[in-house]
Amino acid sequence: MKVMLAGAPHIPPISTVSGVMKQVLYALIPAIAAHLWFFGLGILFQIALATGFALALEAAMLKLRQRPLGPFLSDYSAVVTAVLFALCIPPLAPWWIAFTGMLFAIVVAKHFYGGLGHNLFNPAMVGFAAVIVTFPLDLSQWLAPRQLSPGLPGLWQTAHAIFTGSLPESLSWDTLSQATPLDALKTGVAENRLVTEIRDAPIFGDFGGLGWEWIANFYALGGLWLVYRRVISWHVPVALLATVVVVTVPMWLMGPDINPSPLQHIFSGALVMAAFFIATDPVSGCSTMKGRLLFGAGVAILTLAIRRFGGYPDGVAFAVLLMNMAVPLIDRLTRPRTYGH
Amino acid sequence: MRDLEVGEHLYRFPGGLKLRHHKQIACRDPLARPDLPEALYLPLQQHQGPFGEVLVQPDDRVLKGQPLSRARNDREVPVHAPTSGTIREIKPWPVSWPPAGEAECLILEPDGNETWFETNALENWHDAEPADLVEHIRAAGLAGLGGAMFPTAAKLRGDWAQVHTLILNGSECEPYISCDEMLMRERPGAIIEGGLILARALGAGKVVIAIEDQMGAVDKSLSRALAEHDPDDICRIVEVTTVYPEGGEKQLIQVLTGAEVPHDGLPQDLGLVCLNVGTAAAARDAVIEGKPLIERIVTVSGPGIAHPRNLLTLLGTPVSNLLAAAGGVDDDIERLVLGGPMSGLPLASDRIPITKGSNCILVLRRQDTRREQPVMPCINCGECVRVCPASLLPQELYKYLKAESHEEADSLDLFDCIECGCCAHVCPSHIPLVDWYRHGKGVLRERGIEDARAQKARQRFEAREKRITEEKEERRRKREQRERKLKSGGDARSEVQAAIERAQSRSTESDKDADQ
Amino acid sequence: MSATLSAILVAIGVMLALLLGIGLVLLFSARKWKPDEGSVVEQINRILPQTQCGQCDYPGCRPYAEAIANGEADINQCPPGGEAGVKALADLLGRESKPLDASHGETKPPIVAVIDEDRCIGCKLCIQACPVDAIIGAPKMMHTVIADECTGCELCLPPCPVDCIDLVPRRRPFIWPVHAIEVESPPGREPEHPEREHA
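Chains as they are written, first to last, in the working numbering: chain A, 37 to 377; chain B, 7 to 522; chain C, 28 to 226.
Simulated from the structure, these hints should not be mistaken for laboratory data.
One thing to keep in mind: the hints can contain errors.
Said to hold, decoys possible - Heads up, simulated DSS-like pairs for lysine-lysine below, C-alpha to C-alpha not over 25 Å straight-line:
1) Lys58/A - Lys24/B
2) Lys135/C - Lys472/B
3) Lys447/B - Lys135/C
4) Lys326/A - Lys24/B
5) Lys99/A - Lys408/B
6) Lys125/C - Lys114/C
7) Lys462/B - Lys114/C
Claimed, not checked - Facing chain C, a subset of chain B residues (Cβ under 8 Å, in silico):
8) Pro104
9) Lys405
10) Trp442
11) Arg453
12) Ala460
13) Lys462
To be verified - Quick list of simulated restraints, FRET-style, between CB atoms:
14) Lys59/C - Tyr149/A: 21 to 27 Å
15) Gln30/B - Pro136/C: 49 to 55 Å
16) Met290/A - Leu53/C: 28 to 34 Å
Keep in mind the model is a prediction, meaning the values are calculated, not measured.
Beta carbons: idealized from backbone N, C-alpha and C, even for Gly.
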């Protein structure tokens, strides 16, 4: 009789890497749909481009590193990186933005560190940080949301803008683009205008930016589903959002003229997305439960500090990368007490 | 220290998994016996610890229940003849541990008569001395029937503080295994009586029987037996929530008391002793009927077997007999497991015999064990950390073990891992974590042995060096002394003279003796 | 122009001063906190496998440890310690690891000596050769190796006049394999119930 001598458990594990990654992708669908509604077709192009580049670069690196292509290309981890990156860049950003971003995300942040599971830094955020310092102008050209736009660019116009890097003659950046709410806030405060005054601009919605706040809601929706499915633990999002509230409430109460409200903070920029999809990246995050609380809180505090004192309107990417560096230390300091010790 | 309250309030242990039970399939048919096999294969060692002195030789005729080996202390456990017959051979035979390995077995050919050896019952156990009860249990060859096979007598006797509560573990938490459930349904009275006997042997005032909340019929049958056998209200039944691995000794104690067994201690340090319900029934048989441990209930189950059921099996019966008694196996079986799917031991052959700790034979087909992906790198998802009942960091242990930093893994409490398999079951990367932990523990244990050996060799080498130099020194000193004496002429000559005279006087004396 | 030059000179000066300062501090601390000679020997000796086989050309592990500490012997002369031993020594002494020097012998799996009781003439020569006193016996009486104490050094082989000592692999505890293995019933035995295969 031929039998397998393998260790326990003898029944297969209940999840797979690709299963986890796919669920993250499903959870992003509502936010992508909202993005599509408010900012037009650009996001679909960006996702397709980034995914294509990511998979090509992943395959090339696997080949170079003499690793099997099959299991690693089909694990969807590169796709998740690509989609998260695509959601962070302006919808009409030229194609080389996606290429540069994926070059840094997949080649530098992931494979130079040893591939899946070995990266110290969140690949999508490394890619984003790389393009925002390399192409600051392209990264600032955000479209105005549907309500404020004279008309979102169509299929051909979007393709033209992305593949040539310039708008078709019928369109101009002056009418299409709009400062993001966080940009407006940053420049406004720098010009000594009051927050309440800045907020009167049409780009602001009920809490955060017009359109943006709805996208944030859909990120939260997908994120909560992931928490429910136990793909991500509740620790990071709760710690992150709670810290934002705890830090900004007193500041807002003390100086509502110069400090935006907690809700404004949460519902603008990439905070909700970071809380559920970026700071929860398992590989570059903490693995102890207490560590995850600290990690989330750290991302929140650094993001707020960059928003308030830094040179960039939103600081999520840099906050996440900075906290990635602290992960080994946090993990070491938050080791749980073993049974019976 | 105030006695811990056991089972008054239920606590939670960290981690754990809710698994599909799969227990009922083996409980539909009543308990049956497999056919008497052509030969019984009795490993001399069926417990943790060394085996005793073998009392029989090939070609000896033995009777049912006759001791075949003798325990010289509490750590040794005797083996008894499960039926009457002839000892054919004592030779290595496939056994479950080490995997694919063999161990010395007594091979007994049954004669089919089932003639009993003298039984040795205690007349009135209610008044018996605890020491006599322990002695009886030891002579009956009891070792933990839950699977760990720890010598029961060694658990009952030791120099620890007063044990106040005996926990009878009936919460078999692994899927498929239902031998304890079957026993609690079929022989609830024996369990209660056994519990009372063991409590008396321990001097414990309370007995808590822990069962799972999903065992419907068991609660009723045990309660009925309780009313009949326990007039003093010593026993109580506690239903614990079914979360794997709540049946593990450490976890069960945590659930029942909220306290943790110290990592370098025993349940006895908390005033507790935890025994399997099957051990209690065996203790009852040993004391009241005077019958040694020669049979046990074994679950034969799994998707690869035709008629899953529980079988009352003589120890030493080969697994193949049990498979046949359960209707035979499917064509594409891939794995035979001793124990449950989460922490069981793979069997290399169906000729391996049932021993005192064999609770379940699980038959798995190829599709039941198939993995959807190859082993991938750890993605640090932390699921293993969430489910670990020992609050370890499984992924970090794995990283250190993979890097062969065994000392680091040791410092992360590798030895506190109970090998329950929860971490590996939730790992999306399909890393065989438990294999790594077992491997790491083995390496560290061997390293410990090697280190102790090296230090002993060093001491012996140094002692020898010292002895040799001392001997050299001694010789040198004596030679110098002699030389000094020779140099101081007169003395030496008179000494030689004296010696000659002594010799002469002795020879004259012996002449006299000869004359007489 | 001269301002730039002086700035460069100042920079070079500062760097040199720093270099010198740090160098002096390091030199001083290296002298002051020199590791204790005895403890170094002790630490080296702890790493050595204590086989006492003398393959390193020193009469035992401690003499070899002393020789390493004195710089007389290299760290790759101990075959029983193997590559792992060389690496541990290199780590301890802060040196570069190197392959084992093959001229001293090869690393073998652990062995113990066993005396064939029928052939032994009780000459006591092996008892004198054993570096750890692991052989017991009296003159003209059969000798026995205490397996637990034997280091497998093979030093008892050459003096034996009747070649009655064999070296057998030492029993090692089973270590769980990390990778699953497929077995066709236990090795070296025919299945007794071939019909079960189709059952």
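A quick look at each hint next to the structure:
no.: 1; hint: Lys58/A - Lys24/B; result: holds, 24 Å
no.: 2; hint: Lys135/C - Lys472/B; result: violated, 29 Å
no.: 3; hint: Lys447/B - Lys135/C; result: holds, 23 Å
no.: 4; hint: Lys326/A - Lys24/B; result: holds, 24 Å
no.: 5; hint: Lys99/A - Lys408/B; result: holds, 24 Å
no.: 6; hint: Lys125/C - Lys114/C; result: holds, 8 Å
no.: 7; hint: Lys462/B - Lys114/C; result: holds, 23 Å
no.: 8; hint: Pro104; result: holds, 4 Å
no.: 9; hint: Lys405; result: violated, 14 Å
no.: 10; hint: Trp442; result: holds, 6 Å
no.: 11; hint: Arg453; result: violated, 11 Å
no.: 12; hint: Ala460; result: holds, 4 Å
no.: 13; hint: Lys462; result: holds, 7 Å
no.: 14; hint: Lys59/C - Tyr149/A: 21 to 27 Å; result: violated, 41 Å
no.: 15; hint: Gln30/B - Pro136/C: 49 to 55 Å; result: holds, 50 Å
no.: 16; hint: Met290/A - Leu53/C: 28 to 34 Å; result: violated, 52 Å
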